[in-house]
Amino acid sequence: MAPPAQSQRSPSPSQPSGKSEVSDLKLQLRQLAGSRAPGVDDSKRELFKKVISYMTVGIDVSSLFGEMVMCSATSDIVLKKMCYLYVGNYAKVNPDLALLTINFLQRDCNDEDPMIRGLALRSLCSLRVANFVEYLVGPLGSGLKDSNSYVRMVAVIGVLKLYHISASTCVDADFPSILKHLMLNDSDTQVVANCLSALQEIWSAEASTSEEASREREALISKPVIYYLLNREFSEWAQCLVLELVTKYVPSDSSEIFDIMNLLEDRLQHANGAVVLATIKVFLHLTLSMTDVHQQVYERIKAPLLTLVSSGSPEQSYAVLSHLHLLVMRAPYIFSSDYKHFYCQYNEPSYVKRLKLEMLTAVANESNTYEIVTELCEYAANVDIPIARESIRAVGKIALQQYDVNAIVDRLLQFLEMEKDYVTAEALVLVKDLLRKYPQWSHDCIAVVGNISSKNVQEPKAKAALIWMLGEYSQDMQDAPYILESLVENWDEEHSAEVRLHLLTAVMKCFFKRPPETQNALGTALAAGIADFHQDVHDRALFYYRILQYNVSVAERVVNPPKQAVSVFADTQSSEIKDRIFDEFNSLSVVYQKPSYMFTDKEHRGPFEFSDELGNLSIGGEAADNVVSAQRVEENDKDLLLTTSEKEETRGSSNNGSAYTAPYDGSSTSVFALQTHIESAISNPTAADHSPQASLAIDDLLGLGLPAAPAPPSPQLKLNTTAALDPSTFQHKWRQLPVALSQEYSVSPQGVAALTAPQALLRHMQSHSIHCIASGGQSPNFKFFFFAQKAEEASNYLVECIISTSSAKAQIKIKADDQSTSQAFSTLFQSALSKFGIP
Amino acid sequence: MISQFFVLSQRGDNIVFRDYRGDVAKGTAEIFFRKVKFWKEDGQEEAPPVFNVDGVNYFHVKVVGLLFVATTRVNVSPSLILELLQRVARVIKDYLGVLNEDSLRKNFVLVYELLDEVIDFGYVQTTSTEVLKSYIFNEPIVVDAARLQPLGPAAIFMQGTKRMPGTAVTKSVLANEPGGRKREEIFVDIIEKISVTFSSSGYILTSEIDGTIQMKSYLTGNPEIRLALNEDLSIGRGGGSVYDYRSSSGAGAVILDDCNFHESVRLDSFDMDRTLALIPPDGEFPVMNYRMTQEFKPPFRINCLIEEAGHLKAEVSLKVRAEFPSDIVANTIVVQMPLPNYTTRVSFELEPGAVGQRTDFKEANKKLEWGLKKIVGGSEHTLRAKLTFSQESHANITKEAGPVSMTFTIPMYNVSRLQVKYLQIAKKSSSYNPFRWVRYVTQANSYVARI
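Taken in sequence, the protein lines are chains A and B.
According to UniProt numbering, the first sequence is numbered sequentially starting from 1.
According to UniProt numbering, the second sequence is numbered sequentially starting from 1.
Do not rely on the hints blindly, as some may be mistaken.
To be verified - Derived DSSO-like pairs: lysine-lysine, alpha-carbon spacing no greater than 30 Å straight-line: (1) Lys366(B) <-> Lys302(A); (2) Lys420(A) <-> Lys362(B); (3) Lys35(B) <-> Lys578(A); (4) Lys319(B) <-> Lys420(A); (5) Lys40(B) <-> Lys578(A); (6) Lys106(B) <-> Lys50(A); (7) Lys62(B) <-> Lys366(B); (8) Lys366(B) <-> Lys461(A); (9) Lys19(A) <-> Lys62(B).
Stated by the list, open to error - Partial list, derived from the structure: chain B residues whose beta carbon lies under 10 Å from chain A: (10) Met1; (11) Ile15; (12) Glu46; (13) Pro49; (14) Phe137; (15) Asp210; (16) Gly211; (17) Cys259.
Everything labelled a hint here was simulated from the structure, so no lab data went into it.
All figures in this text were calculated on a predicted structure; none of them were measured in a lab.
For each residue, glycine too, the CB sits at the ideal point set by N, CA and C.
The shape of chain B in the complex, shown without the other chains:
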């Protein structure tokens, strides 16, 4: 049960404010914002998502730079409230098409309409985009999606790739195509976030894949959908699964440590043929979340060398090698490396003929940053940097620098080899053939090489 719900901009302005129970004083938004802004004097630490000030509990989640906040005096389940805030953000996004400060400001009446139905007197009523449709009468005012900060990993599909209709993920569930007809289509995204830690000798210390199968359906009449995954998929580590008599276990098998499912998913035949049956609700939702620690081939190898090169000088050599097929291209790659505290100047040397690369030395936090627009599979890139120090280093210089971390996005590639073999839509008629989009993407969550 919550008392208030509000959305604050990055600057702390109230964009939406709804008081449900009137048992918490009015000034909470200011108290909250000040607390978050100045959590620790040095500004180094982020405020936790849940905290208590004078008996009022504040919950918040950050979505596209906005703060979604709930307050209550009651000792509630924190998981429930945080889950709810995230869900409210998603429902709003479903209705507005694009979620950001601008769209919220333009559509706040619609947002109030939603909030009134989602929560009554602090109790959740429904967060189903579909159920809510019958209560919503405002129409969304569409904002320009092109120059907006994307929401969620699926948003990368908006960029470039011509195969994807760019507007799809930014379409409101209320929107109609020009001509009054709705475009029949369904999107299934397999999004994998990978975490890898390499030791200084290049050995993989830990690796994990956190994956989601996300669905967004614009199908009318809610037909049933069958989603078939790899047949050799097994769940539960150690291969002790009951089903492995069938799998050729070893090389090809995909073994998930664990997974969970959206409540609309029926698993009747999952054990038999690894298909998920569901009637997708409107809007965007995760069909399945999974976690995998089975070994996989990391997409990038990082090689880093830092050596002293004379008095008050050192040299860094960073090498990144892409170990995926050459028809795959990774984009928006950023490599970062903290340098010794006493570094005053850095001069960079890119490989000859380098295109779409940039380098930077962040003076404030003594970080080296190397950005690459894209990396083609199989290729290798090197950066050299000459450091100048203000004082002599006493200890081992490798202890003063690193680790190297990397972020990237690789569309149409997934390391787990989990696949959607087919996507079947229960047919209403022979002419009914909606668009189906199955898309894969791999992103770095925490990709770190120690030196």
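Here chain A stands alone, though its shape is the one from the complex:
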């Protein structure tokens, strides 16, 4: 089907092209404008309708502005409404003509019918013309005081519209404080809700420049306001607004928490999914510091979430399912008995199936793995090929989680026998991963893999996996050298460089295990590799060739080192990112599985987005509770429930330096990674012939050299690995202490490369006993607040660190309890920073 834009550019005969019709309409409108004949309103209605329908399909009818305004002198409310709609749409492009409308709109604002007053006021405020703001202030002022709630409702939103046209006019007229008064006193809850929406927008925008506004914004989440709002009866939509605000409120003690939760308990049974999710967010955030209750909340919200998923339209259930997915990923063990709810239905769209497959993978444990894998195997034969592939991958992931591996390996091997190309391809990749983790299964797997004809495997990933296995297990596979040989012979037809790289390595491996049978193939492969146009393939072939020339036994050690089984495969998403998404529960972040800074610009992250607070931290005007703790450690899944803003007591124990583990172990993750390391190591001796400077330059290039010679850390300064500092103390100290040192360092290129997100640096600094309390920003500008403590005494160092990856500079401000050691600390900090990004 043709894209729609096209059809509009060259309209079909049934779609009016515009020009002649519009001038026709113009004429007819003119004739009617002055007429007082009976029935004229009906003909006007017909004409207006035509105008609006043209407007809808995108035909420019702005040239009728004058005529439309002339016709608008009417008491017919339907006509008025159409006219308002038209005027609202075109006033912005016709400011001069729009001035004509001001008059009748202002008059209507004083009509005795509240409906007309409201409608006129709404249209007046929707003109979006900056010159008119002076005409708005009066009608808005009286609208806010109107006796009719409909007019007040419109006026409140009108104030917000005015703010967007001219912020200063709005603030100068003191409208925000009138709204505040209305919010706390109006009898109509929709007026109250509109005030809240408007004030949140206005004060959030003002907060960056006005301390008063940021104080006012804080006041919205003060106890009296929150309690007042919680006790009023709002429409379902306004409830969502209020509940979102409540998540920002920090109760003083646990009895308050329970009061709020009891009050909101019945919202979990609401038929509107948005209300339920907003309530759940409140529950989750309130109980973060109470492990047991938090877990109970998970149990409690399970049933309502599942009900929402299965009622309503597919779209609504998708939104809820995404949130369920997030919770399952955080605490799979809580959902492990509900796995049947995550089974896919044949008619579900792929985006739903995909979420469900991930959930099934996550909840697999000793007791349910057999059934889950059985179910997944059904999907593998599915007509929906992408889902079939993902199902096979899911089986593999479950196998790698170590439950009931025995049965799973059998299933995977059955996949290989199914003889569907895509199934074989996916299964091969999995078998390869499995073998890396469970070398003990090699015999069973190899027997089956050996039967697969390499001709039936076309996908590069699968082919690479097969070749890897041929090389790795060539002593067990009778035909390995011959299969490899035939692959080498077809070198030129192999389009994927990845496959050719694997082929080189596999032939090398095979050579050391079965030299006489492979020698020929190796020669051909090296020759073809060295002649290869692809740089990496060429380099690797050359490297193999030279190392074989240099010393065959060294070559064997490099290519066939004793292998360690891989224990953990790298997780794709860091736990910091996951926590960030959890903080943004009930927002798009959950659906996209990305924190908001990755897809939205700053001003659109919602009135209370967390990273805003980071900026305010340096101003010092923020309440302590709003500083999100960015300090995170790797957790096992039980801890995951607790990470978001750990309270002081939990932080002390969980921050224990030893609890931190690197996301993956570079040395054993992949043999190919290993080879890359060795390759680069080998390239050094060649460089050694050159002058020392050149070699240093190359070292630097490879990320192996010493960066800008950091001074050795002063021996007397040792940092506490388990330092703890809560955000409010940090803030307090930051405000009190003078800046002890202010410096600019340069950041190494590999550091710049590694700093794709603030989280990366946090982990690194933490391994140097420097902890992060808040972080934010995105490439190229990042901002961090770190702290550290002396090992032997409670003396703190506070650091503000702004890193620009575009200029490769880090600006550091250090404040210290003990000023005399700040230089020593600075050195320490700099040396830690300089090691960032260096493996």
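Chain A is fixed; fit chain B onto it per the hints.
Below, chain B alone, put in the same frame as chain A:
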């Protein structure tokens, strides 16, 4: 908070377009439509209901083939926007009586009127059909409902069954009976969608009922209504409910896993006598949604056999047995089964004397389709099909075909046995006796038999 709202036809034409905040560029409808149309090159995958293009978030729901879309730049609650879009569609339907492209085009001024009141500057004001009545001045232009694609499961009541006044569900809330008097009536529909998966040996792997009690009231003066459900109804799986001292638990009890309620429902006496009290707002709305995994007797048993029958040939035998009482009739039954990829030709053989059945081999996606107009309770129907292949099958042929899936509608039947025992309307006078319609329907959601 949303920036724009628009409704697109299946072909991508703007039927209604409303910009609320002017902070998103104009061309969004085209960007959106192209993105949805060409989500993945192979056209196999549907676009998700929410996605982001260049910083603009697009939300959409599909209603009767139309796309209801909202855009925003803000990181909002996706649930809220999708819920809102669905609700806007419902409000429009309440006012137009029938929702489809034709009725929208004819009534777009009324729709704009509604949109102006439902959302102001991107913030939801009200979605209550009743509250909106006082702001709406246009009158709906009624379109012919008969040849229209029905909206929602309740629409099946429009077909055939004489007991139901056909126009009821397609009546605008603004409509008056000829003669200016409104007809006093109220509809309560118990709609259950069931999902069952049978293993290849006919054993039930999973089963679930997703039910809704839907209400549509045309009563004047908003009287209070009491809706009594089964007395032995209990909520919460495992029978650990506090109330089961009363129930004769076991055979007769209806146990819901969970449920939720419309905000107008008061549950004051629900714990005591399982009655819901509410003052129904105008328009159509779900009183209660419920979910049940308690075992139930599936209405249909499916038996499928596929066997090789000589070189490049195979035979399929499909048997469907209706396991509900003979006074119940299921209608619009479709049985589908994917066949091996290399199937080139299929010849069908229906049972002797078969009426109202059709068979089809969908060449494009290699699917066998068997449609039956109706199935009477207790009866059994068989289809045989001879397949011709273009190549020899290497592996187990059962792995290359299936699973068998089925869709159907069974009016006046519900598998959960949840019932509306009585529907009481607070009386205004002794002569006040409005029409009350309580209707049941069971539909297949995902009804699958593996082979």
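For this session: Please write out, lowest number first, the hints stated earlier that are contradicted by the structure.
Result: Violated hints (numbers, rising): 1, 9; every other hint is consistent with the structure.
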